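Novice: Chain by chain, the residues run as shown.
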Amino acid sequence: MSLMSAISSISGLRDLLPHAAALVVVIPLLAGPIAVILAKARLAWLWSVLVAAAAFGLSLVLLGTVLGGETITYEMGNWPAPLGIIYYVDSLNALVISLVSGMALLALLYGWPMVEREIEPKKQAMFFGTFLICLAGLIGVAITGDAFNVFVFLEVSSISTYVLVAMGAGQNRQALTASFNYLILGTIGATFFVIGVGLLYMATGTLNMADISRLLADGDNDRVVRAAFSFIVIGLGLKTAMFPLHTWLPNAYAFSPSMIGVFLASTATKVAFYTLIRFLFSVFHAGAPFETAMFDYVLAPMAITAMIVCSVQASFQPDVRRLLAYSSVAQLGYMLLGLSMGTVAGLSAGLLHMFNHALMKGALFMAVGLATLGLGVIQVSEMRGMGKTMPLTAAGLSIAGLSLMGVPLTAGFVSKYYLVIAALERGWWWAVAAIVVSSVLAIFYIGRMIEAMYLQKPPSHGDDPVIVVRSPILAIVPLYILVAANIWFFFDPSVPKGLADSAATLLLGGGAP
Amino acid sequence: MNWTPELGLILLLVLPGLGFAGIVLAGKYPNIRDGLNLAMGAALVANVVGLVNAVGAGARPGVQLADIAPGLSLQFTLEPLGAMFAAIASGLFFLNTIYGIGYMRGNKAKNQTRFFASFALAIAAAMGVAASGNMLTLFVFYEILTLSTFPLVTHNGDEKARRGGRIYLIILMGTSIGLLLPAVIATQVYAGTTDFMVGGLLSGHVGPIVGSILLVLYVFGIAKAALIPVHMWLPNAMVAPTPVSAFLHAVAVVKAGVFTMVKIVIYVFGIDMVRASPAAHWLAILAAITIVVGSVIAMTKDNLKARLAWSTIGQLSYVTLGAMIATPLALMGATLQIVMHAFGKITLFMCAGAIYSANHVTDVSKMNGMGKAMPWVFGAFFIGSLSIIGLPPFAGAWPKLILLMGMTDPSDRWLMVALILSSLLNIVYLLPVSVNAFLKKPDPVEAENAHNNAKPPLLTVLPPVLTAGATLGLFFMAGPIMDYLRPVFEGGS
Amino acid sequence: MANSKPPKPKRKPAAPAKPKSAKTEAAPVTDGIHPAARPFLWVGNHGVQRGFIWLVGALMLVFIGLDYTFNRHGHFSWEAAKGFYAIFGFLAFTFVVLMGWPLRKWTGRPETYYGDGPYDGADEGEHDV
Amino acid sequence: MMFNLLAMPINPAFALMFGGLLMAFIPQWRVRKFIALAGPVLALWLWLQVDVFGSYGGIHIAAIGLDLEPFRFDGLSRIWALIFIIGAFLNAIYALHERDQVQDAMSALYGGAAMGAVFAGDLLSLFVFWEITAITSVFLIWRSGTEAARLAGIRYLVMHVGSGVLLLAGAVLLHGQTGSWAFEHIGLETGLAGWLLLLGFGIKAAFPLLHTWLQDAYPKATITGAVVLSSFTTKMAIYALARGFAGEDILIYVGAIMTAFPVFFAVIENDLRRVLSFSINNQLGFMVVGIGVGTALGINGAAAHAFADVIFKGLLFMSMGAVMLRTGTTKATELGGLFRSMPFTALFCLIGAGSISAFPFLSAFVTKSLILAAVADEGHWFVWGVLIFASAGVLEHAGIKIPYFAFFAHDSGKRPKEAPWNMLLAMGLASFLCVFLGVNYGWLYNLLPYEMIYEPYTFDHIVGQMQLLLAAIFAFALLVRIGWYPPEIRMTILDADWLWRKPGRSFLIWLNAILDRLFGLVHLGVARRAQNVGRVLTAVLSPHGAFARVVPRGALAGWTATFLTLALLTAYLAH
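Chains as they are written, first to last, in my numbering: chain E, 1 to 513; chain Y, 1 to 493; chain S, 1 to 129; chain R, 1 to 575.
The set of hints was computed from the structure by calculation and includes no laboratory data. Just so you know, not all the hints are guaranteed correct.
Result set (SDA-like, lysine to any residue): computed pairs, CA atoms no more than 25 Å apart in a straight line [claimed, not checked]:
#1 K388(E) with R114(Y)
#2 K388(E) with M299(Y)
#3 K82(S) with L42(R)
#4 K105(S) with K417(R)
#5 K160(Y) with P459(E)
#6 K457(E) with K301(Y)
#7 K105(S) with P456(R)
#8 K110(Y) with L392(E)
#9 K440(Y) with F382(R)
#10 K105(S) with F382(R)
#11 K160(Y) with R448(E)
#12 K417(R) with R38(S)
#13 K441(Y) with Y113(S)
#14 K457(E) with R166(Y)
#15 K301(Y) with I462(R)
#16 K160(Y) with V224(E)
#17 K502(R) with M299(Y)
#18 K40(E) with L216(E)
#19 K105(S) with L499(R)
#20 K28(Y) with G387(E)
#21 K301(Y) with G504(R)
#22 K82(S) with F382(R)
For clarity, every value in this text was computed on a predicted model and none was experimentally measured.
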């Protein structure tokens, strides 16, 4: 409750910042090249932090406004829709935007010591610049109300992401292959998406999402619309790493620089997921037969397959970051499952899980990155004794892991709880079973790490155990902010839950953007 | 500030929390640390006594800790059942702490600070379980109990301890998240709340089939109650030091499991619904099988603690059996078994630990003739055995009697065979331990061993002797205890 | 007081026991004799024990004879038969004793059969013999 | 729970039990001995205080609606309590020479518990005391300290606790049917409840096949322990049968078998204390038959015979105990000719032997005949014949074998000291009582629970009994003379307990091995299955498995296209 009121009080600033909706995209977009120009790595980093903080501040303003019960429609250049591009903020994307900008800030704070070690010095400024552009792209995707503009920002963020992933090559040459794979599949996805948008334009003659939605409300049996729908779902599904289109993801996460792993894991797929929701529920209409069919026969089965198969895969992974990546695909299954229920409760639970998953996966990747930094850990088996050698990191990792498992007193519990309730209300017993199985599998793969960290002896040189590693404080702080958030949002999930609820009600209540 | 029941309810968690902090901070000074630990235990007992009296006088103190969402809150409410569990757990915890200090010092164990700190957390969790006002809160503390006892189970830190700990965690967490949690959530969906309600919060909300499914989920989800086939964690947890075993078996963990079992039958399903449920019948049969199989396997174990572990599996299935039969008398018997078994079993475990402290002997077959050196220990063991067997005038006789009284319905009565068989098997595997110690001549080779005459530390002898005396006293206290609990069971048929 | 002299019939001369008893009788131990028993030592006399059967036989005949002095009115008709109890008693006793042979054959086992070890008073008493 | 002890008769059982508890904590043996003697005296005094039959000092437990009546004084419990008091007193004297705190305490507790059981007015109190007798008495076996005693003690305890639990189960079922805990006539018409109770009582009463604990444990008990044991447990069970199952026909036949079968075993048994144990069995048979008949005469006979039996069986055990104390054995093969050095013991033994054999003017003559008359009155001619047959058998093993092989027969050469004075005193008192009861039978008859008219000393009764006894003695003399009497040999005689001590044990061992193997197989099976599943999963999902292999990018694109087709189909086909 207190958090909500705090945010609401900030919203008083909105009078000072009437253009917040535009600024939140424009500032990072423009700041990116400036970062590159700054050239000095430390300066670029500071600048980036500043920009990310500004973006975060702006997104909080937007969030405050939305929490106040308003929706924001911002016309770019004062060109009214449908001719101009409009930015549109409601409870759905306010949450996503805050999440993205907040995680960007935390990732940057966390990232400095990492980047210092992982990226060649002369590329560091460029790295931060690209990162800011990527951030702008992701926020843009989330905020825009124009279908084609979505494609543009999607590509902005994607291309910058390919670059960022490829920068992991300093550590591991496989990053290049991973990035290339990502690029190929990402492009296919983008292409499918843009084909879909084109088809929609063919059918409706407009690119404004609200207009499309209005026009589609009548003749939704059109074959063109159906084709557009399929292309968009598959295209965004690819970006979301929907099973079985997820194959690009594990390597991309595993070989990218630590900071990018953290950022991608907690934002990129989330934004794509948001876009999917936006198209499924506020461009197309949830009641349409082809959409219901897609939910029942494609999305839901794929979701639970992901939840189980990828959890098993995660259990097999020796590589920690690939383990977490597979777990992400499985967790995306939870969100898709909630979405495909097509009910307010389901969608809300999916959105809440999206938010919570960002918190926990961000923390997990941070901790793993620290472990890599401190002990050179790549494999689960190399984490042995971390409870002794890196106690803080190990504790953070454990708590975030518990959250991933859905243990009470962590945020992960709350979203799984709502998901199960939604499934039960929908009468989907099999989905409950899948959630249960997947959660138990999560115990396995998280348990493997916890066991290695706490139950095995630390590696030693002869008789001398490896000494305790001190993690950089700058990296520990964001880790613990996320860990604390994981606990905080168990006790007080009112903000994300309220937003998710109102978003779900809005989307399914037929409220047009 | 005056003590009120509501404050007492909060203190249930706060006192162990303070204890935890104190233990950690004073870790470098063992005497201060152990003193703080004991002070915390004593304060907790005093607090619980106050609560027990208040609840006995009809108060039902309640506190809401956190309101997560409508229907999702951390809520404490103390009723007689919980007060009883809190009393047992805190009282025995205090004794077990004394014993643990004696044991750990006597054996010069490592990491004592971590050990006692974990204990403090675990007792906090047990108190939370006792005072839970809804199923969600209970579940939360149930999980904390698992996690906080995990370092205790693996305390020895060797490969065996790790393996035991792994199984402990996998089974307890797996079942609770995989079965119990869905059941709790389903309860929330069907009943709209998980707040405990006299007469059963699910009654009237679900049909017999869904009710049966939920019951099965609950019963297997509460793996702490160690019903076959979710019992395997218990023998594996025996790798822990003896104070931990005593804590697991008699003070908190298994007890929390069976307590939860009784609690769900009374407050979640309601007696009538369980009685009408077809699943309950089969679960009762499974409990009966567990009783017999546990005893049979206990007979084959030479390691004393393993034997006691299997004995616990058998003995605590009495509670599950009573809960599944679900007549008011059977439930009364089941509840009483929680109390009475606690005293008997903690005596046995403490004795096992005292023997180990004296001469590091763990096998029953090597204890022949030790009675001369440790008459008090084996005497206490003998009394404890008699109580577990269920012979008057010892505490264990009452629950068996009342359970039997609750089983006279023709469809249940043949399950009595399990109880009868169990008593006989108990004699076979429990009594020879002390009898051989007193009567059997030691192996000549063993007799050469000077350790055979070693004396255990005083602090490990006193507590079991006290609890053994308590089993005699409790036999005569059964009336007041039952009167105290009676309001709980009057809600039923 | 007991009105019948307890039976002290002849001891069967068991072959292995003979040398032992002969030895005992050859050197009678008088030290251990209880003063109160001295007047009755004749009971142990071989001849007395052999002759005991005649005493019992005679007494038995007397009581059978008594049957003829009155008419028994028992519950069952055969009770009235003269000497019924004597015949029944004799046959019953003989049967019981003789059944001992086959019974021992079927159920007799070495003393250590159950492996429990000896149990006659290992720890107790002042066995001053 | 509340006790209303004031202004009300006090249960004499408490005198003994309280004394026992005290003794458990008193290391000074003189004080203990005083308490041991004072307990029965106090109990007797309390017994005398009760003028009116009734139930006193009830306990009510509201929570489960339980009413306990620990002290019911009526015709049946009165006589049993008295004989237990007498037994406890004699046993205390007999044990004066002993310095064993455990046995002192346990004997008193045991006797008190047995008396408590007799006074129990409800089945739950009965159960409580029933089990206490089991726990306390087993120490009398264990204290002999031998390995055999230890094992026998455990077997004994299993059977006795089992008896208690059966009793409890039966009581609970009965309560379920009738809503009452009162211990009144039960009968087998109550179905399962009745059968369970009968079985529970039957174990302690040593029914055939359930009897083995008796012959197993009593001979292995301590010297005094065997005497104490012979007084209480079985007689308490007889009381319970008389109370609960009077007039059950089945008991007539069970009792008849009980009288007959032990005599065969007793003939060839070498250990004289074990012979006495068989003899207990046989005597219990008479009482059970009397209860089975169920007439006033029958029940009175059972009560009177139990009364007499405590004394003469105790006396016989005492004499054998004295022999054991002085020679270290009661094996017939080791004994003989002891009358030379233990004349008083021999005399008392003869009196006991005469009593048990029912010689006129000794106790059993006036008690056993009650039972025989009751059987005959009801026209059970065959059972009557069996009882007469068994009477001849009693003479054989208890009347002749015990005194003959111990004190007469061939001279073993052993010249032990006479028994200690306290033992002689106890035996003397018991002998006196045997004669006293045989002569002043009216005193005993007046104590019996039911009104009856019976005169033991008729001419034909005396003549018939003397014929029987003399003919049997004659047969003995004859058989010994012609060498047909089976010689004493040291050996173990198998009994029904062979079933669980040999094949039963083997079965358990076998079962254990099989279970081990089975669990092993299951584990192995599960492990294998898991391995197979694991292999498949690994093949598909592991980092090197099919799913994770780096797929050519073209194939990936193709795969995406396939999936798109699927999506398109779904969208098109939906309606």
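Novice: Please go over all the hints and tell whether each is borne out by the structure.
Specialist: Outcome of the hint check:
no. : hint                 : result
1   : K388(E) with R114(Y) : holds (13 Å)
2   : K388(E) with M299(Y) : violated (41 Å)
3   : K82(S) with L42(R)   : violated (53 Å)
4   : K105(S) with K417(R) : violated (37 Å)
5   : K160(Y) with P459(E) : holds (19 Å)
6   : K457(E) with K301(Y) : violated (31 Å)
7   : K105(S) with P456(R) : violated (41 Å)
8   : K110(Y) with L392(E) : holds (22 Å)
9   : K440(Y) with F382(R) : violated (49 Å)
10  : K105(S) with F382(R) : violated (29 Å)
11  : K160(Y) with R448(E) : holds (17 Å)
12  : K417(R) with R38(S)  : holds (14 Å)
13  : K441(Y) with Y113(S) : holds (21 Å)
14  : K457(E) with R166(Y) : holds (15 Å)
15  : K301(Y) with I462(R) : violated (62 Å)
16  : K160(Y) with V224(E) : violated (65 Å)
17  : K502(R) with M299(Y) : holds (18 Å)
18  : K40(E) with L216(E)  : violated (51 Å)
19  : K105(S) with L499(R) : holds (18 Å)
20  : K28(Y) with G387(E)  : holds (20 Å)
21  : K301(Y) with G504(R) : holds (19 Å)
22  : K82(S) with F382(R)  : holds (20 Å)
Hint compliance for this structure: hints 2, 3, 4, 6, 7, 9, 10, 15, 16 and 18 are broken, all remaining hints hold.
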